[in-house]
Structure formats: structure tokens, C-alpha cells
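Spelled out from the first residue to the last, the chains are:
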Amino acid sequence: MYEIVAFYLFSVLAIGLFLVTVMSKNVLYAMTSLAAGMVLISGFFFLLGADFLGVVQLVAYVGAIMALYSFAMMFFDATRDIKEKNTNPALVFLLGGLSAVVLVMMFAAPIHSDAIQALYPMHEGVGNAQDVGMVLFTKYLIPFEVAALMLLVAMIAGIILAGKKMDQSLTEDIGADDEILKQKDEK
Amino acid sequence: MIGLSHYLIVSALIFSIGLIGVLRRRNLLMLFFATEVMLNAVNIAFAAISHYYNDLTGQMFAFFIIAIAASEVAVGLGLLIVLYKKYGTLNLDDFASMKG
Numbered sequence: 393m394y395e396i397v398a399f400y401l402f403s404v405l406a407i408g409l410f411l412v413t414v415m416s417k418n419v420l421y422a423m424t425s426l427a428a429g430m431v432l433i434s435g436f437f438f439l440l441g442a443d444f445l446g447v448v449q450l451v452a453y454v455g456a457i458m459a460l461y462s463f464a465m466m467f468f469d470a471t472r473d474i475k476e477k478n479t480n481p482a483l484v485f486l487l488g489g490l491s492a493v494v495l496v497m498m499f500a501a502p503i504h505s506d507a508i509q510a511l512y513p514m515h516e517g518v519g520n521a522q523d524v525g526m527v528l529f530t531k532y533l534i535p536f537e538v539a540a541l542m543l544l545v546a547m548i549a550g551i552i553l554a555g556k557k558m559d560q561s562l563t564e565d566i567g568a569d570d571e572i573l574k575q576k577d578e579k
Numbered sequence: 040m041i042g043l044s045h046y047l048i049v050s051a052l053i054f055s056i057g058l059i060g061v062l063r064r065r066n067l068l069m070l071f072f073a074t075e076v077m078l079n080a081v082n083i084a085f086a087a088i089s090h091y092y093n094d095l096t097g098q099m100f101a102f103f104i105i106a107i108a109a110s111e112v113a114v115g116l117g118l119l120i121v122l123y124k125k126y127g128t129l130n131l132d133d134f135a136s137m138k139g
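If you read the protein sequences in the order shown, they are chains A and B.
Each residue of the first sequence is one higher than the one before, starting from 393 at the first, in the numbering used here.
Each residue of the second sequence is one higher than the one before, starting from 40 at the first, in the numbering used here.
Extracted from the complex, chain A is given alone in its bound form (with noise of 0.2 Å):
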């Protein structure tokens, strides 16, 4: 029953707070909306047991992930609302619908489950991030380390690429800055 309440409360303000990201036309509230539906599937995981998948979640997705986003809107104007220019918007909900459509048929299609083996299967009385340790740095151990090293090179080519020339404004031209050093001369 607490499963069932939960899994329909999750998944109904998940896909609300998605269709806001997607449809919203300020930055502001898309960005906000997105944080709150990364911590809404963090509950998905917690409700599937896959505990330490749920905590990376929180860690990774909604700690770094939109920390990384909020630094970035800061560069960018965020209160200005977007203007888009849809040529066809009518064509982009009947492509989006039929692929839904298409999804979830396959995905409610029956399974031949009987053929299916679990590679690295999931141990009794073991907590889910100790069984995930177990399987991470034996059979996984080349992955986990080319994923360390690639975060290293994208740390790097972020530094680099947002590093050069950040003591201009971006956002306002240099009229402005002159505008308020006039404000500050005044009082």
C-alpha cells in the first residue's frame, strides 16, 4: 500500500515537474523544476532498493550537476524570459506522442523472463552499497577507473574552456558597468 502511494505520488510530480522544464519559458523556473524532479527519482531509486544509486543521485544530479547549471546561469541572463521561434510546434507533440506511444507499447509488451539470468546477482542479508562495492571494483574496476579519468579530462576542458577572459561582464555591455560606477561617484 506505502508503495503503491508513493510510486504514483513520485511519478505524477515527476512528469509535472518535467513537463515545466520543457514547456517553461524562464530559465529560472526550468532550471528549478528540473533540481526538484532529480530529487523525486532519487525516491524512485530508494523505493526500487538501490540505495546507493539514490544517494550518487543526490550527490552527483541535484548537488553538482545543478550547482554546475546555477553557476552557469549567473554568466548567462536568467531573468529575461526566451523567446523561441517554433516553426512547426504541432509536428514536434505529434513526433513526441507517437514515440511515447511506441515506448510504452514495447516496454508493456510481454517478456520472455524465463530466459533472462542475473549476471551479478543481488546477495541476502548484504547491504545494497556494500554488494555494489563488491561488484564495482572487481568485475567493473577498468570502467570506474576510465570514468575517473575522464571526469578528470572534462574538469579540465571546463576550467579551460570557461577560464579565459573572466574578468569581463558578460552579460551587460561596458556601458553598464560604467553606469553603476556613475551611480556609486553621485551618492
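These aren't lab readings, by the way, just hints derived from the structure by calculation.
The list that follows gives simulated cross-link-like pairs (lysine-lysine, DSS-like), each with its CA atoms no further than 25 Å apart:
id: 1; chain 1: A; residue 1: Lys475; chain 2: B; residue 2: Lys124
id: 2; chain 1: A; residue 1: Lys417; chain 2: B; residue 2: Lys124
id: 3; chain 1: A; residue 1: Lys477; chain 2: A; residue 2: Lys417
id: 4; chain 1: A; residue 1: Lys417; chain 2: A; residue 2: Lys475
Please build the complex by placing chain B on the supplied structure of chain A, with the hints as guidance.
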């Protein structure tokens, strides 16, 4: 009882929402948000399959997807800042330089 199909259908719906976002957005930052929505939808499907088949492989894939999403955001936002410095806008239609 909530079964595997419930989770997969929710995942498919969220993925389609992200797809609609990718198709209709013209602002690059909003396009990034839509791709994050799609990545999260796939993670739900992986975690659900991992739970219902009692297999840890799905969770492993979800971890690597999160790592890839993090590096994608770091490099992508750096590129967005470079583009914004060069053109002063993030609108995709303004970047079109080939007339045809």
C-alpha cells in the same frame, strides 16, 4: 502491486517529455535541460530492471550514466560560455551561418 511495467512506462513517458523538449527548444541551455531529463528517464528504467531481475548490472550502468552526464555538463557549459562570449546569445537560430 507495482510491477516492472509500471516503472518502465513512467520511464518511457519521462523520456518522451525529454524528447519533446529536445525537438522544440531553440535555446541551448534549455536543450541541455531536456537531455538531462532523458538521461534520468533511462536511469529509472535501469534501476527498475535491476530490482525486478535481482541483478546489479543495471545499477552499474546507471552509475556510469551519471558519471558521463557530469562530464557532459562540465564540457558543455564551458562550450556554452565560449559561445556566449562570441555571439552574445544562446539561440540556435542565430548561430546559423549557412544561408540556403
